[in-house]
Every structure is written in C-alpha cells, then in structure tokens.
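Protein chains in written order, with the working numbering: chain A, 1 to 214; chain B, 1001 to 1214.
Careful, some of the hints might be misleading.
Claimed, not checked - Distance condition first, Cα-Cα at most 25 angstroms in a straight line; then the derived SDA-like pairs of lysine to any residue:
1) B:LYS1086 with B:ALA1033
2) B:LYS1099 with A:ASP111
3) A:LYS175 with B:THR1205
4) A:LYS175 with B:GLU1148
5) B:LYS1175 with A:THR205
6) A:LYS175 with B:ARG1214
7) B:LYS1175 with A:ASN145
8) A:LYS99 with B:THR1120
9) A:LYS99 with B:THR1184
10) B:LYS1175 with A:LEU203
11) A:LYS99 with B:ASN1109
12) A:LYS175 with B:GLN1204
13) A:LYS99 with B:ASP1179
14) B:LYS1175 with A:GLU171
15) B:LYS1175 with A:ARG31
16) A:LYS175 with B:ALA1033
17) A:LYS18 with B:ARG1214
18) A:LYS99 with B:ARG1214
19) B:LYS1099 with A:THR106
20) A:LYS175 with B:MET1101
Stated by the list, open to error - Looking from chain A toward chain B, a few residues come up when the C-beta cut is under 7 angstroms (computed):
21) MET1
22) GLY188
23) THR189
24) VAL213
Since the hints were derived computationally from the structure, they do not count as laboratory data. Please read these numbers as outputs of a predicted model, since none were measured by experiment. Even glycine gets a Cβ: it sits at the ideal position worked out from N, Cα and C.
Protein chains: 2
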Amino acid sequence: MNFGVLGSGTVGQTIAGKLAERGHAVKVGTRDAAKLSDWQAQVGTSVSVGSFAAAAAFGEILFNCTSGSGSISALQMAGEANLNGKILIDIANPLDFSKGMPPSLTVCNTDSLGEQIQRTFPALKVVKTLNTLTAQLMVNPALLNNAEHDLFVSGNDADAKAQVVALLQREFGWKTVIDLGDITTARGTEMLLPVWVRLWGALQTPMFNFKIVR
Amino acid sequence: MNFGVLGSGTVGQTIAGKLAERGHAVKVGTRDAAKLSDWQAQVGTSVSVGSFAAAAAFGEILFNCTSGSGSISALQMAGEANLNGKILIDIANPLDFSKGMPPSLTVCNTDSLGEQIQRTFPALKVVKTLNTLTAQLMVNPALLNNAEHDLFVSGNDADAKAQVVALLQREFGWKTVIDLGDITTARGTEMLLPVWVRLWGALQTPMFNFKIVR
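Only chain A is shown next, with the shape it has when bound in the complex (with noise of 0.2 angstroms):
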C-alpha cells in the first residue's frame, strides 16, 4: 500500500521508517526536503520526500505527523483535492511551548486540533490515534510489557477507525485499541499531554505508555 506521511520530525521518520520496513511504499511530505537527504539514504528507496502535496496525492492513506502548532496549514499546503476522501491518521498534538516548559495546549476542553482538522477538512476522514506516547513506542508496542498496554482511537466514521485499527495490529503490533466514540473525544486524548510531560519527568523516560486495567 502507499503512504503519505505528513512531517518529517521524529515521529514522521519513525512512522514512515517503519511503515517502509514492512514493504510500503511512502512518501513523506516536508516543507524543507533537502535536510532529509542523509535520513533518506539511511531508509532506502521504498521512501521518497517531496512535498507536503506530492506526499497526500501519493498516500492512499495518510499520516498527520507535522507539529500540532502546523498542521492546519500543512494540510492546507497538501490541498483538499489529495485529502478528499481519504483516511488522516492524525497523531499530532496541539502543543504550545511559547508559555514555556512545561507545555500547555493550544486547544483543549472545548476543542480540540482533531476536531479543527475535521472541520477544516469535511470530506477527509481523520482518525485521531498515536497521540499519547512516544514515536518508538508507537510502532512498537512490545518493546513494553509484550504490548500489554492500550491505544485509544477516536473519528467520526466506523469504517476508517476499522480500517485503522487494523493497521496498527498488523503492522505495528498493537494488541489493544480503545475506540472511545467520535472525533470529540480527541480531546480526551490530547488532554492526556500535560500528565504525559510530567510523567517523563517523574520517571526520567519517555518509554512508558497508559494501560487501563478493568
């Protein structure tokens, strides 16, 4: 299958690194293709970079990995013609670090960025998943208790969520995805950053991830 991935930071290199080593073909979209050159020789050719447009026209499916504080205009770089229609796996959070550290949201509460790309972008089908640990960790969830630990998912079509899903298990080896209803509850997910920050803090890494127990 091909894949746009949108943002070339750790978390698009790692998501296209990955998704190239299970036999993808993908593109990664990036406003500056020529500081990736080193990192594409060290991936191989089953990756190429380009635009932030030649990348959406190229994915089947796609993924959002700019920084949150960037993505509406990426995606608005790709063009609604190469979104239209397609599953956006948005991983991004709407983080603001201008306050300083630690972190606080952009958006949040009463929003949130899942929702303001679903609402700039009606006919693009955003499933928001990913968001809540770090980019090692979400291609490979075993590196942790045996992947016994828990994803969550949120969008407001069935069929993309599913389709989602499913890609996360056989691809990155995800055993569990908590589908917690609608678009809306993104910002349930984005919410979690702030407890996240300050849980690298208290245990010095960011190898960790939220299992809830039942």
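Knowing the structure of chain A, use the given hints to seat chain B on it.
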C-alpha cells in the same frame, strides 16, 4: 486519628465510611447536615456530621470531597483558622456540567483547581490525589487486578506528600503512588477527566483505572 471530610456526596461518604471502618474518628462537613441522618445511622457513631467549619476544626488531616465548582467557597466557609497548617487531600475535579454532557472543565491547561486552592489558602498543605478514579476504587484498589494500577500525587510540600502516600497505602491499600511533582502537576491529573469520562462510556463501567506500563 481524627479526620475532617468536606463534602457529603458519594466521594465524601465513601472516604468517611472507609476511615471509620479503619477505626478513625471522622467528622463530615456539609451545607445540609439533616439530609445525612439516614447515612450516619448506617455508618455508626465514629462518624459525626457538622458544618464545614466544624469538620475542618475536628480533623488533623482534611479531605476535600466537595464538587469542584463549590470547593473554594466550602473552604472559605470552613475558615482559614481551621485550615492553616493542615494537610488537605484534594480529590475534587473542576467539572463543568453547565455546557451539557460530557462535562468540560472550569479551569485547565495553564491553571488547575488544586493550584487555585493552594493560592487561596497559602498556609494549607494541598496534596492532590485520588481524583482520577471512581469513589469505590479510591478506598479499595484491590477490587481491580490485585491493586496493580497507579495513583498520582501532586503537591508543594514533600513531607505532606509522604504522609499522604503512607496514609493511602496503610488505610486504603494502594501499592503504587507516582509523585508527579509540585501542585502545578495537578493540571495533568485534572485534565485526565475528559478521557476518563469517555472511557467510562466506552467500557460501560467506571470500575477501571490507569496503570503506567514501563
């Protein structure tokens, strides 16, 4: 030990009942003592009921089990002289039901109820904890997975936090309490409520808790 429990809803009754069962003397503070006469008859003579001021004066350690929207006013009614120098275990969440269901928060992101209480009563030792799970589990974590799940604690006073953690372990049976840091980390645990509410909906039960898998 003598405890003062401010608030007489499900959380206050559950905490007071458990402390009484453990052999402590408890005074519950409420705006309307008359409505608690049936409950008081059940729990026995080690629990008394009175005003917020009477409960605060009685307790060597206090619990804030009022609704978040009424916490500051309840503490003002309790009176600074009855609060100063004591530990307040703050369980309240700033839930806002005025905008419909699910609730949003009246304060979050760059502030929290825990911080508001600490700012309003500087000589009170505010320790935020127990606010991330349902009342029944607060006092009996062994109901889930042999108590192998996590509680968080936030507060500015290290000694107060240590006393509270010891109390949670000794009286309620908690195994793991993660110290997130100062009272500003209460933002993180109060902001867990939106995903907690959605998890309740998705799982169809409030009998769950977070475990941090490392």
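Cross-check of the supplied hints:
1. B:LYS1086 with B:ALA1033: holds, 24 angstroms
2. B:LYS1099 with A:ASP111: holds, 13 angstroms
3. A:LYS175 with B:THR1205: Roughly 21 angstroms separates the two Cα atoms, so the pair holds.
4. A:LYS175 with B:GLU1148: This hinted pair holds, its Cα atoms lying about 20 angstroms apart.
5. B:LYS1175 with A:THR205: holds, 21 angstroms
6. A:LYS175 with B:ARG1214: holds, 16 angstroms
7. B:LYS1175 with A:ASN145: holds, 19 angstroms
8. A:LYS99 with B:THR1120: Since the Cα atoms of LYS99 of chain A and THR1120 of chain B sit roughly 23 angstroms apart, the hinted pair holds (cutoff 25 angstroms).
9. A:LYS99 with B:THR1184: holds, 14 angstroms
10. B:LYS1175 with A:LEU203: Measuring from Cα to Cα gives roughly 17 angstroms; hence the hint holds.
11. A:LYS99 with B:ASN1109: Within the cut-off at roughly 11 angstroms; holds.
12. A:LYS175 with B:GLN1204: holds, 20 angstroms
13. A:LYS99 with B:ASP1179: holds, 24 angstroms
14. B:LYS1175 with A:GLU171: Violated - the C-alpha atoms of GLU171 of chain A and LYS1175 of chain B are around 36 angstroms apart, more than 25 angstroms.
15. B:LYS1175 with A:ARG31: violated, 48 angstroms
16. A:LYS175 with B:ALA1033: violated, 50 angstroms
17. A:LYS18 with B:ARG1214: holds, 22 angstroms
18. A:LYS99 with B:ARG1214: Cα-Cα ~30 angstroms, so violated.
19. B:LYS1099 with A:THR106: holds, 21 angstroms
20. A:LYS175 with B:MET1101: Violated - the C-alpha atoms of MET1101 of chain B and LYS175 of chain A are around 30 angstroms apart, more than 25 angstroms.
21. MET1: Status violated, d = 28 angstroms.
22. GLY188: holds, 3 angstroms
23. THR189: This hint holds: THR189 of chain A lies near chain B, its Cβ roughly 6 angstroms from the closest one there, short of 7 angstroms.
24. VAL213: Holds, about 4 angstroms.
Violated hints, listed in ascending order, are 14, 15, 16, 18, 20 and 21; each of the other numbered hints is respected by the structure.
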